[in-house]
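Asks: Following the hints, complete the assembly by docking chain B onto the known chain A.
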Amino acid sequence: MAAEIKTVGVAGVGTMGAGIAIVAARAGFRTVVYDTRQDALDRARRQTEGFLAKSVERKKLTQPQVDRILGDLSGTTRIGELAACDIVIEAVFEDLKVKHALLGELNRICPPHALFASNTSTLSITEIAAGSGRDERVVGMHFCLPAQLMKLVEMSPGIRTSEDAFRAAWEFCRALGQVPVRTQDSPGFILNYFLVPFNNDAIRLVEAGVAAPADIDRAVKSGLGYPMGPLELLDLVGLDTHLLVAEALYASTREPRAAVPALVRRMIAAGHLGRKTGRGFYSYQGSAMFGG
Amino acid sequence: MGYTVLRAGASRSFPQDHALLAGAAQDGEVVVIIGADAGAAFRKLARAETRTAVLIELGTECLGVHTGEFRGEEGSNVLGFARFRLGDADPSNLVELVRQPRTGEAAVAAARKVLEGAGLQVAVCGDFAGRIIDRLVRPYYNAALRRLDEGLATAGDLDTTLRLGLGYPEGPIALLERAGLARHFEVTQALYEAYGDPAYAPARRARVAKQKQ
Numbered sequence: 026m027a028a029e030i031k032t033v034g035v036a037g038v039g040t041m042g043a044g045i046a047i048v049a050a051r052a053g054f055r056t057v058v059y060d061t062r063q064d065a066l067d068r069a070r071r072q073t074e075g076f077l078a079k080s081v082e083r084k085k086l087t088q089p090q091v092d093r094i095l096g097d098l099s100g101t102t103r104i105g106e107l108a109a110c111d112i113v114i115e116a117v118f119e120d121l122k123v124k125h126a127l128l129g130e131l132n133r134i135c136p137p138h139a140l141f142a143s144n145t146s147t148l149s150i151t152e153i154a155a156g157s158g159r160d161e162r163v164v165g166m167h168f169c170l171p172a173q174l175m176k177l178v179e180m181s182p183g184i185r186t187s188e189d190a191f192r193a194a195w196e197f198c199r200a201l202g203q204v205p206v207r208t209q210d211s212p213g214f215i216l217n218y219f220l221v222p223f224n225n226d227a228i229r230l231v232e233a234g235v236a237a238p239a240d241i242d243r244a245v246k247s248g249l250g251y252p253m254g255p256l257e258l259l260d261l262v263g264l265d266t267h268l269l270v271a272e273a274l275y276a277s278t279r280e281p282r283a284a285v286p287a288l289v290r291r292m293i294a295a296g297h298l299g300r301k302t303g304r305g306f307y308s309y310q311g312s313a314m315f316g317g
Numbered sequence: 121m122g123y124t125v126l127r128a129g130a131s132r133s134f135p136q137d138h139a140l141l142a143g144a145a146q147d148g149e150v151v152v153i154i155g156a157d158a159g160a161a162f163r164k165l166a167r168a169e170t171r172t173a174v175l176i177e178l179g180t181e182c183l184g185v186h187t188g189e190f191r192g193e194e195g196s197n198v199l200g201f202a203r204f205r206l207g208d209a210d211p212s213n214l215v216e217l218v219r220q221p222r223t224g225e226a227a228v229a230a231a232r233k234v235l236e237g238a239g240l241q242v243a244v245c246g247d248f249a250g251r252i253i254d255r256l257v258r259p260y261y262n263a264a265l266r267r268l269d270e271g272l273a274t275a276g277d278l279d280t281t282l283r284l285g286l287g288y289p290e291g292p293i294a295l296l297e298r299a300g301l302a303r304h305f306e307v308t309q310a311l312y313e314a315y316g317d318p319a320y321a322p323a324r325r326a327r328v329a330k331q332k333q
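Those protein sequences? They're chains A and B, same order as listed.
The numbers in the working numbering rise by one with no breaks, and the one at position 232 of the first sequence is 257.
The numbers in the working numbering rise by one with no breaks, and the one at position 130 of the second sequence is 250.
One or more of the hints may lead you astray.
[Said to hold, decoys possible] With a Cα cut of at most 25 angstroms, we get these calculated SDA-like pairs of lysine to any residue:
(1) K246(A) to R298(B)
(2) K246(A) to P289(B)
(3) K246(A) to N213(B)
(4) K85(A) to R70(A)
Since the hints were derived computationally from the structure, they do not count as laboratory data.
Extracted from the complex, chain A is given alone in its bound form:
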């Protein structure tokens, strides 16, 4: 465990925040999860208990270990309870104003040595840090979904992040049992910078009638050994989510491949968001396939 970090705060208990909290508590850190909504905290607690119970069933953890993890994990709607944290990882909505308001409040509450980490996937770490009041101690820590299973963390220093702070966050990431990679503070970092345009290109092949979704996915899996085809993945992620991420990437890069293909907006208008609505590039009621 990183010597200077004992207590971890996680702000925002959506899917990412809840997963990050599991990672921190599982690694032996006292972990305080903050969200403004008690129902969100309650739901995350139930999901966490369910996930850890399955970990016992699969013999990844023992029951005493789970008891210890749950004992180290607490939730609160009072931001003041993050005052003892040595690091706070924010996983709130991808809105710069929301993040600035949160970090500004945390800056008043937390001790001067505390690190602030952002799980943003699309916003600039430097811009987030600029509204924190301690931009030399703000670091990008982008976990992959689902955080409790995926080892990779993209770590980015902002322009004013001190090397000491970045090194401490890096060591903390390793103490979590994660695999950190260093990237520039650049739109989409590595994963989304490459994934979003690749998926857009696959959508454009459907639009252009080059091949049907199933043929594109089969080609990518058989030819390249990828675990999922891009159109299967988009159906899983949801086209509405893809639109948000791609629009953010395009707004900051203006790269044509990041621009969302017109087909995406038509499919969203038709309610074809992917698995969550039963239809996207594929139909999930039967074997019939939507050809775009």
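Replies: Only chain B this time, still in chain A's reference frame:
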């Protein structure tokens, strides 16, 4: 279904023994022409129109180069194919099967049956340069090489991120080193000439590798 394999020069799709070659008969309903000169061999093929399907191995060219095109209404019993292969790496198990707008469904089904019967995976696509995989991966590889130059991350961290984050078997930099940067240059340059899309313009490192040859 019986099929015949005709050899017309060195084949990129089948450089070595394969079940498809071993299972060929003397006078099958389907004719599979392999090799760099497959198109020329097709033009000399007798009774081509009487076969259930004729398959021509393609390089980077479109099928229409061999069959001709007419107002978007072209298509017959003739299909193109290529087994996907990255540079100098071994061929993958994927065959991209190229059809035209009016290609007969019976010909597509027969071709698929022959190829899948030999243990290959088939993805059907239209007659476009780059087909499916090259259209998708060449911009991605060019972007990876460009961002490496720009210092987004080290080559190792780029590869690690894409392997661990997306489950790819290999990162783009290691893959291009293994398969050949110069070969990537050739493929992506051909696509750049075909489409004029800057995403296909060869990245600096690919151009340097080609010039060094």
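Asks: For each hint, tell me whether it holds in the structure or not.
Replies: Hint by hint, here is what the structure shows:
1. This hinted pair checks out: K246(A) and R298(B) have alpha carbons roughly 19 angstroms apart, not beyond 25 angstroms.
2. Taking the CA atoms of K246(A) and P289(B), the gap is near 11 angstroms; set against the 25 angstroms cutoff, the hint holds.
3. Distance hint between K246(A) and N213(B) is fulfilled; the C-alpha atoms sit about 10 angstroms from each other, no more than 25 angstroms.
4. Restraint check for K85(A) and R70(A): the C-alpha separation of about 19 angstroms stays at or below 25 angstroms, so the hint holds.
Violated hints for the displayed structure: none, as all numbered hints are satisfied.
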